[in-house]
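J.: Residue numbers (my numbering), protein chains in the order written: chain A, 1 to 61; chain B, 62 to 278.
Hints were generated in silico from the structure; no laboratory data involved. Please note that a few of the clues may not be correct.
[To be verified] Chain A is faced by these chain B residues, among others (derived, beta-carbon under 10 angstroms):
no.	residue
1	68
2	135
3	166
4	173
5	226
6	265
[Stated by the list, open to error] Simulated DEER-style distance windows between Cβ atoms:
no.	chain 1	residue 1	chain 2	residue 2	range
7	B	140	A	14	22 to 28 angstroms
8	B	201	A	34	25 to 31 angstroms
9	B	275	A	13	56 to 62 angstroms
10	B	108	A	29	19 to 25 angstroms
11	B	198	A	20	19 to 25 angstroms
12	B	110	A	56	21 to 27 angstroms
13	B	79	A	30	41 to 47 angstroms
14	A	13	B	271	50 to 56 angstroms
15	A	43	B	241	40 to 46 angstroms
16	B	215	A	43	30 to 36 angstroms
17	A	43	B	238	41 to 47 angstroms
18	B	253	A	14	27 to 33 angstroms
Using N, Cα and C, we set each Cβ at its ideal position, and we do this for glycine too.
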Amino acid sequence: MAADAEVIRMSRADYRRARDAALREVGLTYRQLAEQARTGTFSSLRARKLWLAIGRRTPDA
Amino acid sequence: MPDDLGRQASGFARLIQDLLNATVCDGVTIQAQVIDANRQLVGHGLSRQTLESKPFRLGVGRGREHGWLDISYRLALDDEGRYLTVISSYVGIYLEQDLQTMLCHLDYERNKPIYPEAHLQVEGACEALDKWRLVGGSKPKPLRDLHFPVGGRRYRPALEDMIEFLIAEKLASPRRGWQRVLDESRDDFRRRQLRAAIRRDMETATLAVRDFGRAGA
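Work out the full structure, taking the sequences as your base and the hints as a guide.
T.: Rendered as structure tokens:
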């Protein structure tokens, strides 16, 4: 029988920590990444992927 | 609502996981991160510490291993707050685990400025593009920086289309029975997209049904 997919429940604090760690690893601030998204020119494929994962900030994140 | 969010995100991740393991993968696991109504992430290799999906091998049974696939989805509740909808997605195909060995990637991002919401980017050299005189004297751009449009929000390629592409082009070995699983899964995707298209444009849908009724009378 196929296994269920794992669900990872994260608090907003968990999310912010993971997001900030990912930004550090690609060497960008959120503002720099958002600017790359605005112009459609990313410094790396990893930065592109990260933007797709985090996208625009929501009021509570 | 949090429990329902978890169920929906888990169900979505399970669909992806089952599809992959019935077609071009062996035992790949897909995780769903549930943060809040505006944000759930689905992909391989996610944990409490990382939001970045990781590539996984294409290969089934004792067959030959081929390249790597990388998928990532960001989901949120729809405007009515009932169903999860895809806000962005990424499907990357690589030779090795390293992103530098990318063959192509299919991106989708709702309300994306400048470029098409759904587009394909391909790695490679292109002599024609190298010689192209770009508008405003812009410096030449590599092929991978072009965003080829692929169908828009409602008619974009599904993950199933990318899997079929891998198999048709002999980039990955399929599992026996893959076509039936893939077709059923893709039909479900298309029906969900059609329902969403109808929900967003009831007037056109009503007119079309009325026209079909007349034609059939």
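J.: Of the hints given before, which are not true for this structure?
T.: 5, 6, 11 and 13
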